[in-house]
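Chemist: Given next are the chains, with one letter for each unit.
2 protein chains.
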Amino acid sequence: MIHSLLKNKKIILASASPRRREIFNLLGIKALQEPAAIAETIFTQNPRKLVKTHARNKAKEVARKYGSECLVVGSDTIVYHRGKILFKPKDKYEAADFLCRLSNDYHYVYTGIAICYKNKVFTTYEKTKVEFKHLTAEEIEEYIKTGEPMDKAGAYGIQGYGSQFIRKLNGCYFNVMGFPITKFYELLKEIL
Amino acid sequence: MIHSLLKNKKIILASASPRRREIFNLLGIKALQEPAAIAETIFTQNPRKLVKTHARNKAKEVARKYGSECLVVGSDTIVYHRGKILFKPKDKYEAADFLCRLSNDYHYVYTGIAICYKNKVFTTYEKTKVEFKHLTAEEIEEYIKTGEPMDKAGAYGIQGYGSQFIRKLNGCYFNVMGFPITKFYELLKEIL
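Protein sequence lines, in the order shown, are assigned to chains A and B.
Numbering-wise, the first sequence is residues 2 to 193 according to this note's numbering.
Numbering-wise, the second sequence is residues 2 to 193 according to this note's numbering.
In isolation and in its complexed conformation, chain A is listed as follows:
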């Protein structure tokens, strides 16, 4: 299991996300959390490429400060809806726009993972299909008032109030939360 694979390793989580912190906690992983100071640029409309590159940049940026024996984990999550990449909303108007788009439709959540270890970088990604129920204008307004959408890709959180908007999920739940656990486990087994 993950916690025994990582026993006696120094782990750095190169992310500011409280959701990723929470996932590490539930897996029993003791990690230092150090966000990478990386600007996330949209250099491609290919979601898979984008999240893997962002994850890699984050992990590499943080790994430079630590020894090569440290295992540094970078990660990036985006929402992909009908050819458009949705990041964190800039303001509540963009949040409302995102939620309107997602309403009564399906979208994909992509997360890239990168691990820096012994001067090498290993990457993988996960893709999960999510279906939203129809959202009324009232629900969108109410949801934005909770403050939950603002720091989340696609303007919703699956592990909070946003949970009640999801009709169906196909794939990895934790990917939608921001960190695909099973893919991480597979990658670790390859590396260690």
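Treat the hints as calculated values from the structure; they're not laboratory data.
Everything numeric in this text was worked out from a predicted model, so none of it was measured.
Any given hint might turn out to be false.
Intra- or inter-copy, both count: the list cannot distinguish identical chains.
[What the hints assert, rightly or not] Below, a list of computed lysine-lysine pairs in the DSS-like style, where the Cα atoms sit at most 30 Å apart: (1) LYS31 x LYS169; (2) LYS184 x LYS130; (3) LYS169 x LYS10; (4) LYS11 x LYS91; (5) LYS184 x LYS119; (6) LYS169 x LYS8; (7) LYS184 x LYS93; (8) LYS91 x LYS146; (9) LYS66 x LYS146; (10) LYS89 x LYS184; (11) LYS130 x LYS169; (12) LYS169 x LYS121; (13) LYS61 x LYS11; (14) LYS93 x LYS61; (15) LYS134 x LYS10; (16) LYS93 x LYS121.
Based on these hints, arrange chain B on the given structure of chain A.
Modeler: Relative to chain A, chain B alone:
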């Protein structure tokens, strides 16, 4: 949204489950938690019937103690694997047996919900398909040592160490955690 539908209502959660408590918290539902003292008998091998009846019995048992203006929520979750219903394991040997069965195969999680309100009972249920990766004997042993399987139907928890065993999920994640949020929301809208 759920928290505004339930505003000014007195809610009783007729369940001892800390997972259900957690789900109520993340939805912003203020509820009293009062477990029902009901023996869960296997009177049928039909999983849908079973979870709905158990949920109904739990909700009715607790509702008797409260006024009819209270909204009492009962719930029951089971794992259904190749025609066999898996409850909470009796001991660590049964937990190992359950995990062996689930390894490298799919199963279904069923949760029944019952709401007692104004002397009526309303029920619904949710079904989610879950696929496990192959578990090694070591992983099963290690997992049982964490103590996590013992109080959970099918001997695993999706929101803990067990998360790393799941290859794929099709349907509602929160159903697997023990309480299908979207179905609950739909039922509430019908009732209120």
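Chemist: Which hints from the list above does the structure break, by number from lowest to highest?
Modeler: Violated hints (numbers, rising): 4, 9, 14, 16; every other hint is consistent with the structure.
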